[in-house]
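**Student:** Here is how the chains run, residue by residue.
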Amino acid sequence: MKPFTTLTAIVAPFEQPNIDTNQLCPTRFNKVPRGPKYAQVLFHDLRFNADGSEKEFILNAAPYNKAGIIVADRNFGCGSSRESAVYSLYEFGIRCVIAPSFGDIFANNCGKNGLLPVVLPAAAAAEIRRQLRDQVGATIAVDLAAQTVTDVAGTRHHFEIHPVRKKCLLEGLDDVDRTRQYQSAIVAFEAAYKAERGWLYHDMR
Amino acid sequence: MPGQAMPRTMFEKIWDRHVVATEEGESLLYIDRALIHEGSSHAFDTIREQKRALFRPQQVFAFNDHYVPTTGRSKGVNGIAVPEIRNMVLQLEANAKEHRITHFGIDHPEQGILHIVPPEQGITQPGLVMVGADSHTSTHGAFGTLAFGVGASEIMHVMVTQTLWQRKPKTQRIVIDGALGFGVTAKDLILAIIARIGVGGGVGYVLEYAGSTVRAMSMEARMTVCNMTIEAGGRAGMMAPDYTTFAYMADRPYAPKGAALDAALAFWKTLPSDAGANFDKTVELDASTIAPMVTWGTNPEQALPIDGVVPDPRHAKDAVQRAEIISAIDYMALAPGMALSDIKIDRVFIGSCTNARIEDLRAAAAVAKLGKAQVPAWVVPGSRTIQHQAEKEGLDKIFTAAGFEWREPGCSLCTALNGDQLQPGERCASTSNRNFKGRQGTGGRTHLMSPAMAAAAALKGRFTDVRELMVKA
Ligand code: SF4
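Chains V and X supply the protein sequences, listed in that same order. Using this note's numbering, you'd call the opening residue of the first sequence number 1 and step up by one each time. Using this note's numbering, you'd call the opening residue of the second sequence number 1001 and step up by one each time.
Chain X with its partners taken away, still in its complex shape (with noise of 0.2 Å):
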């Protein structure tokens, strides 16, 4: 029709919107938000040295989460004993201070992970474009808002400049439709998705995950599945906003309130993609055939739903394939045909940016209800925010109650940085997110699955499918 605009996706209204100027097809996108954390000691290290300032400091959102210890907080950072693990949390305390960057430090009563505590805050919203120096930078997608990960030269470009030069990628739709089971959750699904697309099956991609299944889903299950967007290799993950979003946004300490959120809520819903807009590819999905899901081996396209066997690498499409599935197995030190709930675990850990919310947490806590943990079980609620809750809940009862360890919030396990640690040899049921060789300790070995998955092989010392247990119970 002449005059009307062409049909545009979320991604692309929110880019084009940011763009400041553009050079040979590369585009310098303004950065509304830069999410820091200990890691990030390189990025200030390359300003020291070239001398460089903060161009907008109080767009920079500092978090100690990698490497603060979860237990003993009373004592603060003098409870790290480890002098290069102290030694992180209080660079970082030091760099935000110089530069004046809002930091959410390891005594401060909103602490928690990076992806954690800015939806928490208010912080994440949308319509922005967001960058972390962290590949699950994704999460934020869940608000529509253009989130990712850079390196450490690219958080030092934008933190001087507030500003990053990006080639512009394709964008992918994920439709899911219908109602996920009895017992699967969002974890399983994304999972799912991964099994199907493949680690490699989002790169070069934003990924948008749109259809009924997403619009029935909250906020915190929402982020869940951006989270692990970067396990497919995608750029970022969206999803549309919606009465979810505003809800969840209401009253939280940087959104907007009065006259301005009405000047806010009428913007935020001119984001969702016009109908007719075009993506470059699309997949889509049944939610009702997902079943609860669990990774066998050493990259998390290797899943499987809970009533699978290992693979057999005789079967494997080709010979590439056969290699991976063999040296999988061989790490993994499983055997073809086994049943995935025959496998036995030593330890389960329940946390992370991708499962430590407070639903992931009373799923959970809806399972410990029902026994008691066989092997060590530790909680890591992802903030204090979400610690004050669950305790407010009594889900910290449940837990202790059930055998399992309620403690501090920060990554923890999920990257084994702060000295919490497999030992080389032990299989760990984990709601994290990657499941690489050696991600939570060296020789240790992870299997991905949702929170009431993970708490369900706590009681029986093995994988388990928790929909039988429930119903059982």
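Excised from the complex, chain V in its bound form (with noise of 0.2 Å):
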């Protein structure tokens, strides 16, 4: 996993809450391999037609063709719990979403996959949107060691982040090496919870 420490990117604002993981991923494109392939998946069926040339879509045209940041509203990411989801954004460019929440399953996988997920207040977040509309490909600047976004206007926003995520993104780690380090933990639990509970375990076909 590619680790995330700053960003300042472009940032397309979308206005619709309950932007769902069909959206972003639509179902058919589940079986793609992962790989660049997923930058033209991304809200697939918004941005093409059938005949694959391009509808009017806020990511298709300049400046938002390039952007690196999603400003959005509540419930971002909620459905299916795809990961083909993230790695559209990702190899769109996306790499940080903002939105007051997200699907539960969406902001892990984000987490999983280098693209950060922040949460921010309603008001922040519209208020960001806001300034987007005023400045057309304005930039934003994320911090993620500081836990801040710095709006168009030069606000800086503070946002929570777990710990263990914000190192495993700060650094790139990966979740099973970490866990490897209890792997001792791990037996001796599996031990005690088959003596307690071994009918769930011995009638295994």
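Worth flagging that the hints you see were computed from the coordinates, not collected in a lab. There could be a bad hint or two in this list.
SDA-like, lysine to any residue: derived pairs with alpha carbons at most 25 Å apart [to be verified]:
{"id": "1", "chain 1": "X", "residue 1": "Lys1170", "chain 2": "X", "residue 2": "Ile1101"}
{"id": "2", "chain 1": "V", "residue 1": "Lys167", "chain 2": "X", "residue 2": "Gln1050"}
{"id": "3", "chain 1": "X", "residue 1": "Lys1097", "chain 2": "X", "residue 2": "Thr1270"}
{"id": "4", "chain 1": "V", "residue 1": "Lys194", "chain 2": "X", "residue 2": "Ile1101"}
{"id": "5", "chain 1": "X", "residue 1": "Lys1257", "chain 2": "X", "residue 2": "Lys1317"}
{"id": "6", "chain 1": "X", "residue 1": "Lys1168", "chain 2": "V", "residue 2": "Phe159"}
{"id": "7", "chain 1": "V", "residue 1": "Lys166", "chain 2": "X", "residue 2": "Gln1050"}
{"id": "8", "chain 1": "V", "residue 1": "Lys2", "chain 2": "X", "residue 2": "Lys1051"}
{"id": "9", "chain 1": "X", "residue 1": "Lys1257", "chain 2": "V", "residue 2": "Lys166"}
{"id": "10", "chain 1": "X", "residue 1": "Lys1392", "chain 2": "X", "residue 2": "Ser1074"}
{"id": "11", "chain 1": "V", "residue 1": "Lys31", "chain 2": "X", "residue 2": "Ile1101"}
{"id": "12", "chain 1": "X", "residue 1": "Lys1168", "chain 2": "V", "residue 2": "Lys31"}
{"id": "13", "chain 1": "X", "residue 1": "Lys1168", "chain 2": "V", "residue 2": "Ala122"}
{"id": "14", "chain 1": "X", "residue 1": "Lys1257", "chain 2": "V", "residue 2": "Trp199"}
{"id": "15", "chain 1": "X", "residue 1": "Lys1281", "chain 2": "V", "residue 2": "Val119"}
{"id": "16", "chain 1": "V", "residue 1": "Lys194", "chain 2": "X", "residue 2": "Thr1270"}
{"id": "17", "chain 1": "V", "residue 1": "Lys167", "chain 2": "X", "residue 2": "Glu1023"}
{"id": "18", "chain 1": "X", "residue 1": "Lys1317", "chain 2": "X", "residue 2": "Asp1307"}
{"id": "19", "chain 1": "X", "residue 1": "Lys1170", "chain 2": "V", "residue 2": "His162"}
{"id": "20", "chain 1": "X", "residue 1": "Lys1372", "chain 2": "X", "residue 2": "Lys1472"}
{"id": "21", "chain 1": "V", "residue 1": "Lys194", "chain 2": "X", "residue 2": "Thr1245"}
{"id": "22", "chain 1": "X", "residue 1": "Lys1097", "chain 2": "X", "residue 2": "Val1082"}
{"id": "23", "chain 1": "V", "residue 1": "Lys166", "chain 2": "X", "residue 2": "Ala1195"}
{"id": "24", "chain 1": "V", "residue 1": "Lys55", "chain 2": "X", "residue 2": "Lys1168"}
{"id": "25", "chain 1": "V", "residue 1": "Lys166", "chain 2": "X", "residue 2": "Ala1021"}
If you follow the hints, you should be able to join the two separate chains into one complex; please do so.
**Tutor:** Written out as structure tokens, the structure is:
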């Protein structure tokens, strides 16, 4: 996983709440193997006509075709658990999504793929979107170590992130390596657990 | 009282017993069972790239469901014409074999959807922590188990360590009391709950459904409610195990038997939330006020009783909601103020992990019996077991006599991965769980409702109050 430290990038504002993972990655693309192809998949059915020509959609035209950040409204990434929704954003070049709330599974998936989900209060997210309407193509700065978003007007917004999630993103760490350090604890746990609930194991076919 | 333990919720009891280690407020949870399907291919790709091995393959269960065809199954995997779809089925088979995972494959006599087969087989039991590579894993919470969906990275982590790092969610109790009215089902109840708390109402919470309405429900109905917890944004949905649960468990292949059953029962009875346990939030609902529900929009909270009308954006509570209503009405090709019962449909889909269990098919058949389908109507059982049970009861005959199509088990039109899909602009009355734009095929329009309501819609060619249809009969 590529580390996430700081980012200054063009921001695409999305006013609609409840943008679901079906929109981010239409279901039929789930089977695409991970890789650059996912850049085209992002919001595919909103971006492209059936013949492959482009529709009018925010991410299709400059400056937003170079966006690195999305600022959205509540419940971004709700719905299906498909991690391909994150692959699509990532391959398109999005490294950070800012919203008042996220679909639970989606936010977890982001953190495992070097994409930072930032929760800001609804008013702050709305204010940033308003600034972007006034200054199309403006950039904002995200600093994970400092846990701040600096908006177009220069105002700094602090955000919360779990210390372990922060460390993994900053260092590009994989959870499996972290868990390996607990191998003996897992084995000890299992031994006690099996003694207590043998029926969960004896009938494995 | 000194010496007395703090009252705990069912969620806390299960969570606490599964914590292997804690690091800065994140807990490493032991996972009893992991469920995967064809879409888990990304996880296996990573396992291969990183040369990792499965830690406890006997606790992983694989299901061919999303990509299997629902006709022509006698030819098995060779009956799948589209190479990419066939590949997805074959890949899971190969991965399951290579990693020695129990696999309910396309030709397995108990094949079915990953949220339908584990309860049938007794793989799902009270008191477990289960994860699935699919958001509707919340279904299994109906047994008093903590079950939630995860993405490809997390299911990979589970497969190679049998654990998962999690932060403790908050708890929300949804108390539902009173009797559901005539013709009103679990599906109507969960749609009413989502309409009430919103598609973000459960974000950050595990939901425990409680109250007399839940206690009176069958396991099938309970699973329908827990299934759609994710549509309210909830991490997981749970219901206390009781005698209905225990009776359901009896004689299931993976369920404990004999002396082991006595030990299991003694444990299961300790699971329900203690009196006085604290929930971070409580919502109360009166079941008797709920009517058959239909969604009109493009997310599951956009649902109304069948006697309702399509909302008018001018009456929205704020600009955001106005924009949402306008966008949904536009996509769904409806007009403000239109009566739901005036909306004509092109197709009907009775199926999915929400509503393809035997009770659902019985309810739909009881309605189908009353007439003839006016539009193409599909019935897709959730598993082979259900298919055979339904055929034993003659439900397939009822459906086909009424002009419905009786198909083979799988996810089918719920998610349109296997080739079953809506054409652009087609409007479908569906018993599935998501009405997102394009969910059932690009440009398709989905309206969610109960199996009885979907069958009624088939007979009329438009949405109709199933209660009136049944009373007239
Ligand atoms: S039936 Fe639908 S919701 Fe259920 S597992 Fe299959 S695709 Fe997912």
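**Student:** Take the hints in turn and mark each one as holding or not.
**Tutor:** Consistency of the hints with the structure:
Our distance criterion of 25 Å between C-alpha atoms is broken by X/Lys1170 and X/Ile1101, whose separation comes to about 33 Å. Proximity of V/Lys167 to X/Gln1050 is assessed by CA-CA distance (about 21 Å); at most 25 Å being required, the pair is judged to hold. A hinted pair counts as satisfied when its Cα atoms are at most 25 Å apart, and X/Lys1097 with X/Thr1270 does not qualify at roughly 38 Å. With a C-alpha separation of about 20 Å, the suggested pair V/Lys194 and X/Ile1101 falls inside the 25 Å cut-off, and the hint holds.
For the proposed pair X/Lys1257 and X/Lys1317, the alpha carbon gap of about 56 Å is over 25 Å, so the pair is violated. The hinted pair formed by X/Lys1168 and V/Phe159 meets the criterion: a straight-line CA distance of about 19 Å does not exceed 25 Å. The hinted pair formed by V/Lys166 and X/Gln1050 meets the criterion: a straight-line CA distance of about 23 Å does not exceed 25 Å. Under the criterion of a C-alpha separation no larger than 25 Å, the hint pairing V/Lys2 with X/Lys1051 is consistent with the structure, at around 19 Å.
As the CA atoms of X/Lys1257 and V/Lys166 are separated by approximately 46 Å, the hinted pair breaks the 25 Å bound. The suggested pairing of X/Lys1392 with X/Ser1074 holds, with an alpha-carbon distance near 19 Å, which does not exceed 25 Å. At roughly 21 Å between alpha-carbon atoms, V/Lys31 and X/Ile1101 fall within 25 Å of each other, so this suggested pair holds. A hinted pair counts as satisfied when its Cα atoms are at most 25 Å apart, and X/Lys1168 with V/Lys31 does not qualify at roughly 32 Å.
Taken as a hint, the X/Lys1168 and V/Ala122 pair is honoured in the structure, with Cα atoms around 24 Å apart against an allowance of 25 Å. A hinted pair counts as satisfied when its Cα atoms are at most 25 Å apart, and X/Lys1257 with V/Trp199 qualifies at roughly 8 Å. The suggested pairing of X/Lys1281 with V/Val119 holds, with an alpha-carbon distance near 21 Å, which does not exceed 25 Å. Pair hint V/Lys194 plus X/Thr1270 holds up; C-alpha atoms about 18 Å apart against a cutoff of 25 Å.
Our distance criterion of 25 Å between C-alpha atoms is met by V/Lys167 and X/Glu1023, whose separation comes to about 12 Å. Restraint check: the Cα-Cα separation between X/Lys1317 and X/Asp1307 comes to about 22 Å, which is no more than 25 Å; the hinted pair holds. For the hint pairing X/Lys1170 with V/His162, the CA-to-CA distance comes to about 16 Å; that is within 25 Å, so the pair holds. For the hint pairing X/Lys1372 with X/Lys1472, the CA-to-CA distance comes to about 15 Å; that is within 25 Å, so the pair holds.
Annotation: proposed proximity of V/Lys194 to X/Thr1245 holds, straight-line Cα distance about 23 Å (limit 25 Å). With a C-alpha separation of about 23 Å, the suggested pair X/Lys1097 and X/Val1082 falls inside the 25 Å cut-off, and the hint holds. Taking the CA atoms of V/Lys166 and X/Ala1195, the gap is near 35 Å; set against the 25 Å cutoff, the hint is violated. Straight-line distance between C-alpha atoms of V/Lys55 and X/Lys1168 comes to about 42 Å, which puts the hinted pair past the 25 Å bound.
The hinted pair formed by V/Lys166 and X/Ala1021 meets the criterion: a straight-line CA distance of about 19 Å does not exceed 25 Å.
Of the numbered hints given earlier, the model fails hints 1, 3, 5, 9, 12, 23 and 24; all others are met.
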